[in-house]
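Protein sequence lines, in the order shown, are assigned to chains F and R.
Per the numbering used here, residue 1 is the first one in the first sequence, and the count goes up by one each step.
Per the numbering used here, residue 1001 is the first one in the second sequence, and the count goes up by one each step.
These are computed hints drawn from the structure, not numbers from a lab.
Owing to the predicted nature of the structure, the values given are computational and were not obtained by experimental measurement.
Every residue gets a Cβ at the ideal spot worked out from N, C-alpha and C, and that includes glycine.
Do not rely on the hints blindly, as some may be mistaken.
According to the in silico footprint, chain R covers these stretches of chain F (three or more CB under 8 Å from chain R) [claimed, not checked]:
| # | region |
| --- | --- |
| 1 | 72–86 |
| 2 | 143–157 |
Partial pick of chain R residues on the chain F-facing surface, computed with a CB cut under 8 Å [claimed, not checked]:
| # | residue |
| --- | --- |
| 3 | F1007 |
| 4 | A1011 |
| 5 | R1034 |
| 6 | K1037 |
| 7 | F1040 |
| 8 | A1046 |
| 9 | V1047 |
| 10 | A1059 |
| 11 | T1060 |
| 12 | C1091 |
Restraint-style ranges between C-beta atoms, simulated for each label pair [as the list claims (entries may be wrong)]:
| # | chain 1 | residue 1 | chain 2 | residue 2 | range |
| --- | --- | --- | --- | --- | --- |
| 13 | R | V1074 | F | T101 | 44 to 52 Å |
| 14 | F | I141 | R | L1018 | 23 to 31 Å |
| 15 | R | F1007 | F | Y125 | 40 to 48 Å |
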Amino acid sequence: MTRTASPYRYHHGLKDGIPIGLGYLSVSFGFGITAVGKGMEALYAILISMTNMTSAGQVAGVVIIASAGSILEMVLTQLVINLRYSLMGISLTQRLDSRCTTPHRLLMSFGMTDEIFALASSKPYPVGPSYFYGLMTCPYIGWSLGTVLGACAGQILPQEMQLALGIMIYAMFIAIVLPPSTRDKGVLFTVLIAVALSCCLRYIKFLQFISDGFAIILCAVVAATVMALLCPVKETEAPDGGEEKP
Amino acid sequence: MTIQHLFYLLAMALTTYLVRMIPFTLFRKKLTSRFAKSFFAYIPYAVLTAMTIPEVFSATGNLSSAIAGVAVAVILALCKQSLIVVAIGACLATYLVGFLPFF
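Using the sequences and the hints, build the whole thing.
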């Protein structure tokens, strides 16, 4: 690594991270509600958020815990769902300054989410550890605080409101998936294949032995593989166009 | 919180961290496979979809209120509303339909 030091300081990152933090506040509120609704203690939901900071992986995680899945199922599910962070990590290594030594990278990698990656990669100059830590700060606070609020709301609100809030995180997933589906037919068919497979695994009797976590893996890997073969993305496209989704 | 819960937490946090950390720390060149790039571009959408459908229809304890919530979420999402607007709209629809006597 021979790149010169990054011009961005901690406070630059802190400022860039504020909108991400606000977005995470609402998504993790939904996660807190869902986790408590599935029988987790509030403190447990908060611990999950503080040690993971990833929406899809955490929701799949509480589904597996609620259905008493195996540890292997948990590991494989997290592996598949979060594999995109590996690609983002690889991509971001190309844009780091010379101060990003291995100890820094060990700490920085904890903050690799879709939005933080997107912002860090969009900077015109290489990124250093202090900027990246600044960028991680607000999203981490927002993600943890939102879970605290959601988990508490899930315990004190009346039953009808809790049930209505149970749809929140899924509504957000719909909001993430639908807009790119209308723009990109590759994404659209990925979504349609995943819907079809997911329904088959749930409703066809002899397929019901497959547990929830494995069902998610199977649907996602098959849908993404088929579409990567049939409709590969253009060389210039960013690896992920999602928004507000850690 | 039981011991089993701690194991789940550990498995989850450790896997998620290692997936982020290993390539970020060790990898020094660029991925060139078009298939791999495409696979990673599609996988988030596939995962979110598989987690939502059909699970969302049992998320509110009442099929009709869930359908109302999903319908409102789909309409608002297609109108390019922000995450929080879609979420609140879906919750409101679910809450209101949950109260209707004939469902």
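Hint check results:
1. 72–86: holds (count 11)
2. 143–157: Since three or more residues must qualify, the claim that chain R covers the region 143–157 of chain F is violated, with 0 doing so at under 8 Å.
3. F1007: Since chain F brings a Cβ to about 6 Å from F1007 of chain R, closer than 8 Å, the hint holds.
4. A1011: Nearest chain F Cβ about 5 Å off; hint holds.
5. R1034: OK, holds: R1034 of chain R within 8 Å of chain F, min 5 Å.
6. K1037: holds (6 Å)
7. F1040: F1040 of chain R check passes; min Cβ-Cβ to chain F is 4 Å, inside 8 Å.
8. A1046: A1046 of chain R check passes; min Cβ-Cβ to chain F is 4 Å, inside 8 Å.
9. V1047: holds (4 Å)
10. A1059: It holds, given that the least Cβ distance between A1059 of chain R and chain F is near 4 Å, below 8 Å.
11. T1060: holds (5 Å)
12. C1091: holds (5 Å)
13. R:V1074 with F:T101: 44 to 52 Å: This hint holds: roughly 47 Å between Cβ atoms.
14. F:I141 with R:L1018: 23 to 31 Å: holds (24 Å)
15. R:F1007 with F:Y125: 40 to 48 Å: holds (43 Å)
When the structure is compared with the earlier hints, a violation turns up for hint 2 alone.
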